[in-house]
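> Here is how the chains run, residue by residue.
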Amino acid sequence: MSHWEVVIGIETHTQLSTRSKIFSGASTAFGAAPNTQACAVDLALPGVLPVLNRGAVECAIRFGLAIGAEVAPKSVFARKNYFYPDLPKGYQISQFELPVVVGGSLTIQVGQGDKAYEKRVRLTRAHLEEDAGKSLHEDFHGKSGIDLNRAGTPLLEIVTEPDMASSAEAVAYAKALHALVRWIGICDGNMQEGSFRCDANVSVRRPGEPLGTRREIKNLNSFRFLQQAIDYEIQWQINEIEEGRKIQQATVLFDPDTGETRMMRSKEDAHDYRYFPDPDLLPLMISREWVERTKAAMPELPEAKKQRFMADYGLSAYDATALTAALDIADFYEAAVVAAGRNAAKPCANWVMVDLAGHLNKDEKELADSPVSAAQLGGLVARIADNTISNNIAKKVFEALWNGEGQTADEIIEKQGLKQITDTGAIEALIDEVLAANAAMVAEFKAGKEKAFNALVGQAMKATKGKANPQQVNELLKKKLS
Amino acid sequence: MSLTLPQVRRVAQLARIEISDAEAETTLGHLNGIFTLIEAMQAVDTNGIEPMAHAQDVAQRLREDRVSEENRREAMQAIAPETEAGLYLVPKVIE
Numbered sequence: 002m003s004h005w006e007v008v009i010g011i012e013t014h015t016q017l018s019t020r021s022k023i024f025s026g027a028s029t030a031f032g033a034a035p036n037t038q039a040c041a042v043d044l045a046l047p048g049v050l051p052v053l054n055r056g057a058v059e060c061a062i063r064f065g066l067a068i069g070a071e072v073a074p075k076s077v078f079a080r081k082n083y084f085y086p087d088l089p090k091g092y093q094i095s096q097f098e099l100p101v102v103v104g105g106s107l108t109i110q111v112g113q114g115d116k117a118y119e120k121r122v123r124l125t126r127a128h129l130e131e132d133a134g135k136s137l138h139e140d141f142h143g144k145s146g147i148d149l150n151r152a153g154t155p156l157l158e159i160v161t162e163p164d165m166a167s168s169a170e171a172v173a174y175a176k177a178l179h180a181l182v183r184w185i186g187i188c189d190g191n192m193q194e195g196s197f198r199c200d201a202n203v204s205v206r207r208p209g210e211p212l213g214t215r216r217e218i219k220n221l222n223s224f225r226f227l228q229q230a231i232d233y234e235i236q237w238q239i240n241e242i243e244e245g246r247k248i249q250q251a252t253v254l255f256d257p258d259t260g261e262t263r264m265m266r267s268k269e270d271a272h273d274y275r276y277f278p279d280p281d282l283l284p285l286m287i288s289r290e291w292v293e294r295t296k297a298a299m300p301e302l303p304e305a306k307k308q309r310f311m312a313d314y315g316l317s318a319y320d321a322t323a324l325t326a327a328l329d330i331a332d333f334y335e336a337a338v339v340a341a342g343r344n345a346a347k348p349c350a351n352w353v354m355v356d357l358a359g360h361l362n363k364d365e366k367e368l369a370d371s372p373v374s375a376a377q378l379g380g381l382v383a384r385i386a387d388n389t390i391s392n393n394i395a396k397k398v399f400e401a402l403w404n405g406e407g408q409t410a411d412e413i414i415e416k417q418g419l420k421q422i423t424d425t426g427a428i429e430a431l432i433d434e435v436l437a438a439n440a441a442m443v444a445e446f447k448a449g450k451e452k453a454f455n456a457l458v459g460q461a462m463k464a465t466k467g468k469a470n471p472q473q474v475n476e477l478l479k480k481k482l483s
Numbered sequence: 002m003s004l005t006l007p008q009v010r011r012v013a014q015l016a017r018i019e020i021s022d023a024e025a026e027t028t029l030g031h032l033n034g035i036f037t038l039i040e041a042m043q044a045v046d047t048n049g050i051e052p053m054a055h056a057q058d059v060a061q062r063l064r065e066d067r068v069s070e071e072n073r074r075e076a077m078q079a080i081a082p083e084t085e086a087g088l089y090l091v092p093k094v095i096e
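Just so you know, the sequences run in chain order A and B.
The opening residue of the first sequence carries number 2 in the numbering used here; numbering runs sequentially from there.
The opening residue of the second sequence carries number 2 in the numbering used here; numbering runs sequentially from there.
Treat the hints with care, as some may be off.
Claimed, not checked - PhoX-like cross-link-like pairs, simulated, lysine-lysine; straight-line CA separation at most 25 Å:
# : chain 1 : residue 1 : chain 2 : residue 2
1 : A       : Lys90     : B       : Lys93
2 : A       : Lys396    : A       : Lys416
3 : A       : Lys81     : B       : Lys93
4 : A       : Lys135    : B       : Lys93
5 : B       : Lys93     : A       : Lys144
Derived by calculation from the structure, the hints in this document are not laboratory data.
Just chain A, same shape as in the assembly (with noise of 0.2 Å):
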């Protein structure tokens, strides 16, 4: 079997967190009744300009920031022209020659555990645009109908270079970039709503040989499509090409129901653009003191938080990666370990990725409505730390944090009297009688059964309803013994 490269490039269109559209002061809220928040400017209606939004343009600065990237001091607005219903004026006005946001890049973890790798994903450019509205075809008697309401919502365009060698390379920069723009609170990465969609180009060449044509995947609103779309693409583009066809230029929708792509327009119908300057908007300046002033209020960044991690807490890269894929989940850790103190930062790590995290899936809570709060957490990890409980009878407290039966770990360690035992006499008393109890399994230790041991410190433990330290509790039996 011959082998081939797959090529991938990716565009991804974040539409930005403001209040207002970047060229109105009509509402960008989801959801409102058709129409209700599309103004004269949205509507294009004779005699109206385009006003810039700073918060718009304060996203692409973060944005730029986060990715090592230059925020260009001068950008232009350039008009994209074509015909479509849902779009009024005839173009969208978008950057062009001058976007705001040159260059930059992106590392992303591709695959677990031992296959696991990191890969640097270069970034070309970054440029502010509108979105536009939304056609409904269904229901209107043979005619479409028109909701403008999302017309003028400001967008962010991503473009990669053609980094990317595989569908889980692509995914992985898809979650990068949708953790990053959340991260840095410029989108809320709402995938469902279409705040964050993708558009993949997709080639394959024979190692060594020049770039192949490339097809372009449009408006892939899921992970899951997008690597299903480029998995059938690849297979795609292959099969014709080893079949002795070439494969054409050419824009291709995913279809999820069958898990095919298929030809939307072809290089001849392409759209020729004819871009311009757009005369109603002035070049977009900003200065160096403004670049300054975000830079000084953007929080902590993935990356360097990873890092911070592993030294301060002696974190594996697994561990700080996980806990750093989400600021949500970074800060709840952190305030976790605030609560339990530094030396129980590798513990805190544990109970967050696993106990809390299997608890908010099992019952299907996002980390902002779980139950246990990070000051909860942090003081029942406190409490293993200083061996008030063990670690089994931890996970009935945590239990019942999570049920609510308590303000504390200490609250419900009290109540329900889970607090371990550490009195050496108590401890020795239990021990006597579950050796008067077990008679046979003692004289098969002695008989040289090793195993027999290990059912005694079961038994013992038992006797103990688990409150006892395994450890304190073997070494007093090892005593008894010999």
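Got chain A sorted already, so can you dock chain B onto it with the hints?
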């Protein structure tokens, strides 16, 4: 440089303007006249001059991110040819 008839038809199609063969011929003449002007401008030496995005050398003013528009759907739709359920109705388009 001068345009060809197929190019004129392509531009007309992009602009969604229907033109007859005779109109295409006349338009070709007009456009080529404009191109002569452009050629005269192209002949000017612009080496080392930064392209301008606007005739005036001033920067874009920005507005604060604040909702300042109210819902005026009724007034807007009063002048629309056809509406239904809050939507503007247009001839069916599916791309």
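> Determine for every hint whether it applies to the structure shown.
Outcome of the hint check:
1. Lys90/A <-> Lys93/B: With a Cα-Cα distance of about 18 Å, the restraint between Lys90/A and Lys93/B holds, given a limit of 25 Å.
2. Lys396/A <-> Lys416/A: holds (16 Å)
3. Lys81/A <-> Lys93/B: holds (23 Å)
4. Lys135/A <-> Lys93/B: holds (13 Å)
5. Lys93/B <-> Lys144/A: Roughly 4 Å separates the two Cα atoms, so the pair holds.
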